[in-house]
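Engineer: Residue strings, one per chain:
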Amino acid sequence: MKISELPRESILLPGNPSCQGCPHGLGLRALGMALENIVLVIPAGCTTIISGIHPKASFNVPVLHVPFASAAAVASGLAAAYRQEGIDANVVVWMGDGGADIGFATLSGAAVRNEDIIVVVSDNEAYMNTGIQSSGTTFWKAKTTTSPGGKSEEKKDLATIMLMHRVPYVATASVGYLPDFIEKLRRASEIKGFRFIHLHSPCPPGWRFDSSRTVEIARLAVKSGAWVLWEYDGRFSISTPSKPYKNEERGAPLEEYIKAQGRFKGIKPEDIEEIRRKIEKQWRLLLSFEETFR
Amino acid sequence: MRTLLTGNYAVAEAVKLSRAKVIAAYPITPQTTIVEKLAEMVEKGELDAEFIRVESEHSALAAVYGAAAAGLRTFTATSSHGLLYLYEMVWWVANARLPLVMAVVTRTIGPPWNIHTDHTDLLTMRDSGWIISMAENVQEAFDLTIQGFRISEEAELPFVVGMDAFQLSHTAEVIDLPSQEDVDKWLPERKQSYKIEPNNPVTVGSIGPNEYTAKLRYDMAKTIESSKELIRKADESFGKTFGRSYGGLVESYELDDAEYVVVMAGAWCGDAKDAIDRLRAEGLPVGMLRLRYFRPFPREELEELEGRKVLVVDRAFSMGHMGILGMEVSSVINNVTNVIAGIGGVDVGVEDFEAMFRRFAKGELQRVEWWPKEVFS
Chain A
22 MKISELPRES
32 ILLPGNPSCQ
42 GCPHGLGLRA
52 LGMALENIVL
62 VIPAGCTTII
72 SGIHPKASFN
82 VPVLHVPFAS
92 AAAVASGLAA
102 AYRQEGIDAN
112 VVVWMGDGGA
122 DIGFATLSGA
132 AVRNEDIIVV
142 VSDNEAYMNT
152 GIQSSGTTFW
162 KAKTTTSPGG
172 KSEEKKDLAT
182 IMLMHRVPYV
192 ATASVGYLPD
202 FIEKLRRASE
212 IKGFRFIHLH
222 SPCPPGWRFD
232 SSRTVEIARL
242 AVKSGAWVLW
252 EYDGRFSIST
262 PSKPYKNEER
272 GAPLEEYIKA
282 QGRFKGIKPE
292 DIEEIRRKIE
302 KQWRLLLSFE
312 ETFR
Chain B
4 MRTLLTGNYA
14 VAEAVKLSRA
24 KVIAAYPITP
34 QTTIVEKLAE
44 MVEKGELDAE
54 FIRVESEHSA
64 LAAVYGAAAA
74 GLRTFTATSS
84 HGLLYLYEMV
94 WWVANARLPL
104 VMAVVTRTIG
114 PPWNIHTDHT
124 DLLTMRDSGW
134 IISMAENVQE
144 AFDLTIQGFR
154 ISEEAELPFV
164 VGMDAFQLSH
174 TAEVIDLPSQ
184 EDVDKWLPER
194 KQSYKIEPNN
204 PVTVGSIGPN
214 EYTAKLRYDM
224 AKTIESSKEL
234 IRKADESFGK
244 TFGRSYGGLV
254 ESYELDDAEY
264 VVVMAGAWCG
274 DAKDAIDRLR
284 AEGLPVGMLR
294 LRYFRPFPRE
304 ELEELEGRKV
314 LVVDRAFSMG
324 HMGILGMEVS
334 SVINNVTNVI
344 AGIGGVDVGV
354 EDFEAMFRRF
364 AKGELQRVEW
374 WPKEVFS
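Order-wise, the sequence lines are chains A and B. Whatever position you read off the first sequence (first residue = 1), add 21 for my numbering. Whatever position you read off the second sequence (first residue = 1), add 3 for my numbering.
For reference, chain A alone in the conformation it holds in the complex:
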């Protein structure tokens, strides 16, 4: 199906209280274009705010707000209930990287049970809703309010960890490449069981770039090779937008991506070199997956 033939009506209504240039808003619009019969489960995070203040609501799909660590388990209960009742539903957990940190056991448990749910982690690489604290997926050396000198710990590779749960569908996506995200959601909806999409969502206030540049920064991440788009549906493949950057001749210099973000202000050249080495290792790992899961 062509993107142009998908419904244009957004599940996220206009006038919602997201920040200017919010990546989640882009992702949520794409989610609504891709799937039918959506039931949204939302743990604490930016999307709690975006959802609006009672008695108003920003979503025109059913939404159940849930505590941080519970999201994938609540979704499991909903999916079980719909299965019992013979109701067609796409139970979608929409969470941030915070939900994936505090709720990791829950996420892992649901994956192990191969629950019939779709989990999207819209990852802005820090706890943005509480004011930019470091998370498991925060980039090495990125400054946050709890890592003012730059994060000293390694970045957690959530998507490959989820892949190792032997679930039927895992992919990465980016708000800079929404047609790719939509295609992945549609592919996921054709599969039964646990489906996981790790959506890269650059955050203007959190990463300190102008709110007009969200898509541009998201694309720079892909072009510089720092964020790799891939898909596993029984077969592992690097996705089309990332394919040109398989070799070390990336589409954009890493420096350009790093220097576009205030969170890396003052980063040393040797740290950029270290990041480059980490990115190379990540590519080697993913290309070996492509060999392994053909």
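Keep in mind that the hints were calculated from the coordinates and are not lab data. The structure presented is a predicted model; accordingly, all values stated were derived computationally and were not measured. The reader is advised that the hints may include incorrect statements.
What the hints assert, rightly or not - Pairs of lysine-lysine, PhoX-like flavour, derived with a Cα cap of 25 Å:
| no. | chain 1 | residue 1 | chain 2 | residue 2 |
| --- | --- | --- | --- | --- |
| 1 | B | Lys198 | A | Lys77 |
| 2 | B | Lys198 | A | Lys213 |
| 3 | B | Lys236 | B | Lys194 |
| 4 | B | Lys376 | B | Lys312 |
| 5 | A | Lys299 | A | Lys289 |
| 6 | B | Lys276 | B | Lys376 |
| 7 | A | Lys77 | A | Lys176 |
| 8 | A | Lys289 | A | Lys302 |
| 9 | A | Lys77 | B | Lys218 |
Claimed, not checked - Just a few of them, taken from the derived set where beta-carbon distance is under 8 Å, the chain B residues facing chain A:
| no. | residue |
| --- | --- |
| 10 | Glu91 |
| 11 | Asn202 |
| 12 | Ile210 |
Glycine is no exception: its CB is placed at the ideal position from the N, C-alpha and C atoms.
On the provided structure of chain A, position chain B as indicated by the hints.
Structural biologist: For chain B alone, coordinates are given in the frame of chain A:
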């Protein structure tokens, strides 16, 4: 049908007869055999339900919260540290006004590791908005589970069935097991105010103005107060159908002419009743008001005790103050004597109660006294 069942298996049978549709649980002693039995029933096809093998208690209550939100009858069970781990969800389920039933097999909180009964775990739920019951024996644990679904669904508040570790959970008693037809007749179809279902765009649990939060808590306070009537009616109607009624929120034992009244809850009430029988034979006018429910709190029933000598025997203590039940009863009646006993499963038998009540009648007990003395010397 007369059947020999442990407390845990009796609760599992009650859940089956109530036709629960989604069950989730994580094992913890001494709760485990409830959900093992239910898993077996589901796997054998005796119970048409989904059994979700979650990775934690937090997820157990979260999963049944999801299933209840989708409109189905659901059940989970836990104990002690499991209850503390899922405690966040305790509040979330209540505030979402979703009916469901959870069994709490009461167990001491560690360290030291200790799997035996006291009531501290259950009473941590006190302020959350759950209806909290406490069984005395296996039959009552069974009956409360079936009643729990009805009361919970009428009040749109979650319901807890409390029962003592091992003394009920693992002790077999002969109980009367009603037929599926009779339970179906007595237990109405599930109803609830809202359902989360596809193509019905409602948002539940979003950010609310402060006044909405305050109003929600106020509405819950009103409902839990009015659930007293639902509980009494359920007990009465259950009695008519199944031949067993207990007296609603409390059970009175030798209470009418009692000058000395013992207030307590749980399995050990049976032993205390035996002690009361012995003392009555000697002419000492002792009686018992057994709390079948901690929440809603049977304030009116307790008010009627004013003027008599009241002893509260507690299996839980609020650090820095007194026994939790002692404190609760003291908020209704003056000059309550409070014995703290059986903490950590310390054995308290008929002889203990006999001695305790005798000393109470003689006025020899301190306002707050830990029992038995030799443990605390």
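Engineer: It remains to establish, for every hint, whether it holds in the given structure.
Structural biologist: Against the structure, the hints:
Under the criterion of a C-alpha separation no larger than 25 Å, the hint pairing Lys198 (chain B) with Lys77 (chain A) is consistent with the structure, at around 18 Å. Pair hint Lys198 (chain B) plus Lys213 (chain A) holds up; C-alpha atoms about 24 Å apart against a cutoff of 25 Å. Between Lys236 (chain B) and Lys194 (chain B) the CA atoms are separated by roughly 18 Å; this keeps the pair inside 25 Å, and the hint holds. Proposed proximity of Lys376 (chain B) and Lys312 (chain B) is supported: the alpha carbons are some 22 Å apart, at most 25 Å.
At most 25 Å may separate the alpha-carbon atoms for a hinted pair to count; Lys299 (chain A) and Lys289 (chain A) meet this at roughly 16 Å. As the CA atoms of Lys276 (chain B) and Lys376 (chain B) are separated by approximately 22 Å, the hinted pair is consistent with the 25 Å bound. For the suggested pair Lys77 (chain A) and Lys176 (chain A), the alpha carbons sit about 37 Å apart, so the restraint of at most 25 Å is broken. Between Lys289 (chain A) and Lys302 (chain A) the CA atoms are separated by roughly 20 Å; this keeps the pair inside 25 Å, and the hint holds.
Annotation: proposed proximity of Lys77 (chain A) to Lys218 (chain B) holds, straight-line Cα distance about 17 Å (limit 25 Å). For Glu91 (chain B), the shortest C-beta to C-beta distance to chain A is roughly 5 Å, which falls under 8 Å, so the interface hint holds. Hint status for Asn202 (chain B) relative to chain A: holds, with the closest Cβ pair at about 7 Å, below 8 Å. Residue-level restraint check for Ile210 (chain B) holds (minimum Cβ-Cβ distance to chain A is 5 Å; threshold 8 Å).
Hint 7 from the list above is the single one not met by this structure.
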